[in-house]
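Based on the hints, put chain L with the ligands in the right spot on chain G.
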Amino acid sequence: MENIETKLREEAKRLLLEKKADVIIGYEKGTLPLTATPCFITTPEEADKLVWNNLCTQNLAKFVHDLITAHKNSQKRVKPEDRKKKVVGIVARGCTTRSLIIHLQERQYERDEVCIIGVPCDGYVDGKGLKVKIGGADIVEGTIDGGQIKMKTSDGDKTVALKDVLAECCLTCRFNNPIVSDVLIGSPSPAMNPDAEYNAVKEFEAKSMEERWAYFTKEMEKCMRCNACRQTCPSCYCPTCFVEQSQPQWVGIGEDKSDTQVFQLMRMYHMVGRCVDCGSCVSVCPMGVDLRKFLKKIDKDGWEMFGNRAGSSMEDMPPLGRYDEHHDKEEFIFNP
Amino acid sequence: MARRKFATLKSFLNYIGVEGDRTLFTWVSASEGDRWAQVIKVATEKIKALGPAKKMIKKIG
Ligand code: SF4
Ligand code: SF4
Ligand code: SF4
Numbered sequence: 001m002e003n004i005e006t007k008l009r010e011e012a013k014r015l016l017l018e019k020k021a022d023v024i025i026g027y028e029k030g031t032l033p034l035t036a037t038p039c040f041i042t043t044p045e046e047a048d049k050l051v052w053n054n055l056c057t058q059n060l061a062k063f064v065h066d067l068i069t070a071h072k073n074s075q076k077r078v079k080p081e082d083r084k085k086k087v088v089g090i091v092a093r094g095c096t097t098r099s100l101i102i103h104l105q106e107r108q109y110e111r112d113e114v115c116i117i118g119v120p121c122d123g124y125v126d127g128k129g130l131k132v133k134i135g136g137a138d139i140v141e142g143t144i145d146g147g148q149i150k151m152k153t154s155d156g157d158k159t160v161a162l163k164d165v166l167a168e169c170c171l172t173c174r175f176n177n178p179i180v181s182d183v184l185i186g187s188p189s190p191a192m193n194p195d196a197e198y199n200a201v202k203e204f205e206a207k208s209m210e211e212r213w214a215y216f217t218k219e220m221e222k223c224m225r226c227n228a229c230r231q232t233c234p235s236c237y238c239p240t241c242f243v244e245q246s247q248p249q250w251v252g253i254g255e256d257k258s259d260t261q262v263f264q265l266m267r268m269y270h271m272v273g274r275c276v277d278c279g280s281c282v283s284v285c286p287m288g289v290d291l292r293k294f295l296k297k298i299d300k301d302g303w304e305m306f307g308n309r310a311g312s313s314m315e316d317m318p319p320l321g322r323y324d325e326h327h328d329k330e331e332f333i334f335n336p
Numbered sequence: 001m002a003r004r005k006f007a008t009l010k011s012f013l014n015y016i017g018v019e020g021d022r023t024l025f026t027w028v029s030a031s032e033g034d035r036w037a038q039v040i041k042v043a044t045e046k047i048k049a050l051g052p053a054k055k056m057i058k059k060i061g
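Residue numbers (this note's numbering), protein chains in the order written: chain G, 1 to 336; chain L, 1 to 61.
This is chain G alone, in the form it adopts within the complex:
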């Protein structure tokens, strides 16, 4: 990783110096031990802050959309001939590039407005899982080395194998290397275990209707409607989310169970052909709601019904924007 970090910093510096990017979104060391946090770099000197390791959790594509949208809005009242173009650079692993592809396919910005610095990925640590693994102790200091996480904790020294605490989405990730990039750092990472990606969904499908409903209800009861999952999701970028619309009001904002269920149902359903299984929503959720159990079904349906994996190539357009007369199944149609 050290080597990748060095190269990453060099490339970031070069891109900023050559004015190929106005800002680079990457990760820096977090303020808490064993964390990394998104950062925005605008001068070559700052590039030395950049890190790339198994603590880089969040899908940064969200910020690309935010920055470009804010920039476009700021240019609205500027005469067309005086408008400035802004290029946003981004440190992107597999799932991040998938989100960028979705943005491009959904015409959110042009390909030349983003400069993609591709990095190979071998997954990130699921912070909540790690905490459970060390019996809830507080981490005082930590390092990752040779597949081991070594920590000083409030409960003494602890060592955990990295592979035991990787996020679920990473363990079965199919696209851990960048799909598109302008600059590629390092060589591709070995594949994760994509053959197992739908195991949990299949297991859930095999349960009875009432068991499934009971689980959904139980998980949704944990949700406190903080909207963090929506805020972090690169595919959630509507200027006004249905959650906040008041005319009409699609879903109540209170504590009624059904409102929370409807909120979740709708947000997740809006992910058909758009969820890249980056796990950002899962990792930011303060209540540990098992969102992936449901989102992965949406991904599975997209693949089984339409042969599409969200953002897996520039050419494979979003599944809900098209229709295949010869292969689409008709069994969902009610034909008495």
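Think of the hints as simulated: they come from the structure by calculation, not from any bench. Some hints could be false.
Looking from chain G toward chain L, a few residues come up when the C-beta cut is under 8 Å (computed) [unchecked claim]:
#: 1; residue: K202
#: 2; residue: E205
#: 3; residue: K297
Positions of the beta carbon are idealized from the N, C-alpha and C atoms, including for glycine.
Quick look at chain L with the ligands alone, frame taken from chain G:
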């Protein structure tokens, strides 16, 4: 395409535990009066058999 949305919505509702028979989709042309009657008849029977919906219901007041 609308039909793809219907197919995925039905499948997702079923997955989270809402009975598949509560979400019915079909196409009926304005000229197919008999078929329209048939669709409504069978749909009503199915819904009656399931009984009142208890899931995702909000009680107001
Ligand atoms: S989902 Fe894949 S690309 Fe994304 S962080 Fe995990 S292993 Fe990396
Ligand atoms: S729904 Fe969650 S896993 Fe899917 S793209 Fe959004 S943040 Fe990533
Ligand atoms: S982040 Fe978790 S608690 Fe917050 S709204 Fe999303 S599911 Fe609910």
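Against the structure, the hints come out as follows:
The beta carbon of G:K202 is not positioned within 8 Å of any beta carbon in chain L (closest approach about 11 Å), and the interface hint is therefore violated. For G:E205, the interface hint holds, since its Cβ comes within 8 Å of a Cβ in chain L; the closest pair sits about 7 Å apart. A least Cβ separation of about 5 Å between G:K297 and chain L falls short of the 8 Å threshold, and the interface hint therefore holds.
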